[in-house]
Amino acid sequence: MAMLRRICSRILSAAANAEHPGVAAAAASTSVRNPLEEFFELERTVDDDKRLVYGRSWKASELRLKSWDDLNKLWYVLLKEKNMLMTQRQMLNAQNLRFPNPERVSKVRKSMCRIKHVLTERAIDEPDARRSAEMKRMVNSL
1 MAMLRRICSR ILSAAANAEH PGVAAAAAST SVRNPLEEFF ELERTVDDDK
51 RLVYGRSWKA SELRLKSWDD LNKLWYVLLK EKNMLMTQRQ MLNAQNLRFP
101 NPERVSKVRK SMCRIKHVLT ERAIDEPDAR RSAEMKRMVN SL
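This note's numbering applies: residue 1 is where the sequence shown begins, and numbers increase by one.
Hints are computed from structural coordinates only; laboratory data are not their basis.
Treat the hints with caution; some may be incorrect.
[Claimed, not checked] Computed beta-carbon distance windows for the label pairs: (1) 70 with 132: 15 to 23 Å; (2) 121 with 94: 37 to 45 Å; (3) 109 with 136: 18 to 26 Å.
Here a beta-carbon is modelled for each residue, glycine too, at the ideal position from N, C-alpha and C.
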């Protein structure tokens, strides 16, 4: 994992230098985060060899209790997590390194599918036909 940290920092510094060469030096001395850091999991403990246990996927029964807005927010949080995991996996594959905890990707995908399922259920149950069609379009665009 130490190698992953070094690779991430090189990629991020190269991207920052390419975008804004004058700002890169200032950013190095301050604690301003590079937006590309969101695609990499950098916060790891010293015990990188120790396998971390991550949470489970969301259950449909739990998601049914949430509001439409909460489900939309959760969808985008999961999308961001999925993008981070896929970026990390691709980067590690390019370096011929093993991707740690590959089950995280399937947990995120399951949760995303369940959110779509719950939103589709709500769209079907909507008594107003126009609103139901609009809700279905929104769900299909996710």
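Taking the hints in turn, this is what the structure says about them:
1. 70 with 132: 15 to 23 Å: holds, 20 Å
2. 121 with 94: 37 to 45 Å: Cβ of residue 121 to Cβ of residue 94: about 40 Å, so the range 37 to 45 Å holds.
3. 109 with 136: 18 to 26 Å: holds, 21 Å
The earlier numbered hints are all upheld by this structure, with none contradicted.
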